[in-house]
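Sequences and hints are given; from them, build the entire structure.
Taken in sequence, the protein lines are chains A and B.
Oh and the first sequence: position 336 is 336 in my numbering, straight run, nothing missing.
Oh and the second sequence: position 310 is 310 in my numbering, straight run, nothing missing.
Keep in mind that the hints are not guaranteed to be accurate.
[Unchecked claim] Below are the DSS-like pairs computed for lysine-lysine, each with C-alpha atoms no more than 27 Å apart in a straight line:
hint	chain 1	residue 1	chain 2	residue 2
1	B	K464	A	K322
2	A	K379	A	K322
3	B	K36	A	K322
4	B	K413	A	K322
5	B	K240	A	K58
6	A	K27	A	K46
7	B	K371	A	K58
8	B	K34	B	K46
9	A	K322	B	K97
10	B	K97	B	K371
11	B	K34	A	K97
12	B	K440	B	K161
13	B	K46	B	K371
14	A	K322	A	K161
15	B	K97	A	K58
16	A	K357	A	K58
17	B	K440	A	K34
18	A	K97	B	K36
19	B	K46	B	K58
20	B	K97	A	K36
21	B	K357	A	K46
22	A	K322	B	K161
23	B	K90	A	K440
24	B	K27	B	K46
25	B	K46	A	K322
26	B	K161	A	K161
27	A	K36	A	K240
28	B	K209	A	K97
29	A	K322	B	K209
30	B	K322	A	K27
31	A	K46	A	K379
32	B	K322	A	K413
33	B	K58	B	K464
34	B	K322	A	K46
35	A	K36	B	K322
36	B	K34	B	K240
37	A	K240	A	K212
38	B	K440	B	K209
Hints were generated in silico from the structure; no laboratory data involved.
For clarity, every value in this text was computed on a predicted model and none was experimentally measured.
Number of protein chains: 2
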Amino acid sequence: MRGLQLDSLNPALLNVQYAVRGELAIKAEEHREKLKTDDHGLPFGKVISSNIGNPQQKGLDQPPITFNRQVAALLEWPALAELAPNAFPKDVIARAKQLHEEIGSIGAYSHSQGAAMIRRHVADFIAERDGYPSDPNHIFLTGGASAGVSLLINMLISSPKSGILIPIPQYPLYTATLAAFSGVPLPYHLDEESEWATSPRDIEIAIEKARKDGIDVKALVIINPGNPTGALLDEPTMEKVVHLCEQHDIVLLADEVYQSNLHSRHTHPFISFKQVVRQMGSQVPLVSFHSISKGVTGECGRRGGYFECANIGEDVIALMYKMVSVGLCPPLSGQIGVDCMVRPPKPGDESYPLWEKETNETHAVLAARTKIMAERLNKLPGASCVNSPGALYLYPRLELPDRAVEAARQAGKEPDAFYAMQLLDETGICVVPGSGFGQKEGQNHYRLTCLCPGVEEYVGALEKFHLGFMERYGGL
Amino acid sequence: MRGLQLDSLNPALLNVQYAVRGELAIKAEEHREKLKTDDHGLPFGKVISSNIGNPQQKGLDQPPITFNRQVAALLEWPALAELAPNAFPKDVIARAKQLHEEIGSIGAYSHSQGAAMIRRHVADFIAERDGYPSDPNHIFLTGGASAGVSLLINMLISSPKSGILIPIPQYPLYTATLAAFSGVPLPYHLDEESEWATSPRDIEIAIEKARKDGIDVKALVIINPGNPTGALLDEPTMEKVVHLCEQHDIVLLADEVYQSNLHSRHTHPFISFKQVVRQMGSQVPLVSFHSISKGVTGECGRRGGYFECANIGEDVIALMYKMVSVGLCPPLSGQIGVDCMVRPPKPGDESYPLWEKETNETHAVLAARTKIMAERLNKLPGASCVNSPGALYLYPRLELPDRAVEAARQAGKEPDAFYAMQLLDETGICVVPGSGFGQKEGQNHYRLTCLCPGVEEYVGALEKFHLGFMERYGGL
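Here is the structure:
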């Protein structure tokens, strides 16, 4: 029999590319397995997965926030509140009891949009953040932000001529999902010379070009703060973006999952697109995504997040509900994580001092590490790096020697992928080459997370490798 | 501006129907909200959501298995093992420690196929169940079985001429997902007169008809034990089904999520398609789905499950890996749930006696309830019901009076949907009309779960309503 063959499967899926977990990540896993053997022969002792913003992964071990985990433990086994009452702060017990009374068992399906009470809390959080009301019926809890993005792209791509504007560099979820649903990615470039600024004029040029090519431009993706760039949009730019969407009748998809990851958040706070849209009195349809995987919670494994719809009709909301109902409901563990994120302990609560200490420490460590890493990367010959104001990443640019570019060509790889593979093989550090995020022709970058245990060991290894690589290919 | 309008969205999604959470379920939610007010004026005191196999939902409250929840609580907050050591059995502490050491934080992304150790345990479980080895690299942990089914249908539908054979009646996940990916559902009817038996000859007729219609038949879905029917396939039928798949070169999708829900499991045990395929030495590509949402665990809210691939090439496995990697990983809470399901406590373990008691009770209650409900439904005029040997449901057939059929027509509803809406409005019991699962022209059924707190109150209300309905429309 013929069996199940690649060429008989959905051809769109063959075009999907997702570099964050691609060839390099697979090789990193192989190294990790090999390290468990005695005679592994590898020139490093551990693999550091800097390819993915996964703060709590083994070896990085960003501690989870104790409050969140205490609430979760009590919801897993409510009898603990009686069996070990002294193990839990009083506000944790009260919070868990309230959630349990409203939701019931976390082993039960919830409402397909997520538990009603948690959606009300998300709406309260948004209203307080923005100064404008939020409707719990227009909020969908999701299994991480990715699930929401996938739903929206699935809905918006109505024909192979449907296109969605995406920033370059971008988080490859967007191109991967567009490929899966046979939509057209419409790139607009962020400006590295201006700290990866978003240019409304460049977006407009991309729209005009797409229309000339016969593409129906459905939506604009903005990642703010940026991934992989960390860049934060300013309010005038955001207003221009909203105007553009109005003028060209396109939906605004605001990926705001790094909204709490801002290293100067007291002087340069996050402003949501929801706030800007409301301030302007705009009718532009907006979907904003948030997640518990990033921020200081870093709870990737729970798969929790939400999206909020603004200026979207009830018939479209009903379609969204129908689609999520086929998947039954988002994981309750993620939903509980969302509740803890939007309702942290308040001053006066028993848990507050520890919560404050833990979140402050995580913020401080990440900011310091990002700064020192950018500084040191900038000192390397052939490397330059915008000092990222947010998110979890740096996205250094490489000026690689001609001989390295030629060697990469002969190996059938993009030059930055060639560089990244050698980095992995020599140091155990796994990064994602810029070719995975998109970049201008002839440029080379890589994305690395600013999550690592010892910055000195980590950056030291990066520096040593870089200098060796440059020397090897005649770049010094 | 035009904004976001239904007619600009992916037209395939408009055709998706998922009755389990459709009009009736939405109305049930409205009743539930109304019941919270003092002057609700409804003729019942609570809503019973018999539309969905959700054992732990509020009001049904099938207790979760304590062992599973203790392990989960310790993984949420590992410090508990020190803080409250006496609250946990020793084997629970050891199990949680082992999982924690291998996986690390459950707030971290795992491997996109699921944690390697848990996949090894699933493979051990399968090997022990079937007597044939299982490869952990061909197992994908998923967020419930639905996520796996959706991935497979997405992969298999390569054009709008691709079709998949589905049983009628079926669980509407299949038609919903096929509609979303623009595939063709190819119905084959189960035989109600023979206790909902699967007829290989009827499947073959459906294949021949589809081919005549120019449809590329990609796969055959078998739900065993059946949903909504509960029927269990016998081994000779399974062998014929495998032969059919070989002969017609189609993939076998075995939905086996109710494999532990068999009321006579000691005399009529579950046999997996994996076992039959291996016994026959068949090369038919097989994907088998399992879940923690059903069985005696009933952990729907965790979103945990897995699928196993057999006779599927490494290139197709790599494509599956790529696709799941875009969604990052299944929820760790569900993965831990899978580990507990495939590695329950063993005789001699401290947790074993309680685990045994809890699982036996849940099995016994479900079997007894199913039996008594079927008996009493069969005594009603105009109702008949196969005594389901498994799953969580009954699927009674209704012979409705002509006047009821006419009244339904005038209300613009299918007769069984008309019946079900009145049942909900009079008793608060929410069921799913047979039109949501598929049935022969002119027939009427409904699916109800055998999950309920007091069987007397529940069946009593069903009986009273039914007799009143029949009398109202001249059927008595």
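Now for the hints, and whether the structure bears them out:
no.	hint	verdict
1	B:K464 - A:K322	32 Å, violated
2	A:K379 - A:K322	53 Å, violated
3	B:K36 - A:K322	25 Å, holds
4	B:K413 - A:K322	19 Å, holds
5	B:K240 - A:K58	48 Å, violated
6	A:K27 - A:K46	13 Å, holds
7	B:K371 - A:K58	50 Å, violated
8	B:K34 - B:K46	10 Å, holds
9	A:K322 - B:K97	40 Å, violated
10	B:K97 - B:K371	42 Å, violated
11	B:K34 - A:K97	24 Å, holds
12	B:K440 - B:K161	24 Å, holds
13	B:K46 - B:K371	24 Å, holds
14	A:K322 - A:K161	25 Å, holds
15	B:K97 - A:K58	15 Å, holds
16	A:K357 - A:K58	22 Å, holds
17	B:K440 - A:K34	58 Å, violated
18	A:K97 - B:K36	19 Å, holds
19	B:K46 - B:K58	11 Å, holds
20	B:K97 - A:K36	19 Å, holds
21	B:K357 - A:K46	45 Å, violated
22	A:K322 - B:K161	25 Å, holds
23	B:K90 - A:K440	58 Å, violated
24	B:K27 - B:K46	13 Å, holds
25	B:K46 - A:K322	25 Å, holds
26	B:K161 - A:K161	21 Å, holds
27	A:K36 - A:K240	54 Å, violated
28	B:K209 - A:K97	57 Å, violated
29	A:K322 - B:K209	31 Å, violated
30	B:K322 - A:K27	14 Å, holds
31	A:K46 - A:K379	26 Å, holds
32	B:K322 - A:K413	19 Å, holds
33	B:K58 - B:K464	24 Å, holds
34	B:K322 - A:K46	25 Å, holds
35	A:K36 - B:K322	25 Å, holds
36	B:K34 - B:K240	52 Å, violated
37	A:K240 - A:K212	22 Å, holds
38	B:K440 - B:K209	17 Å, holds
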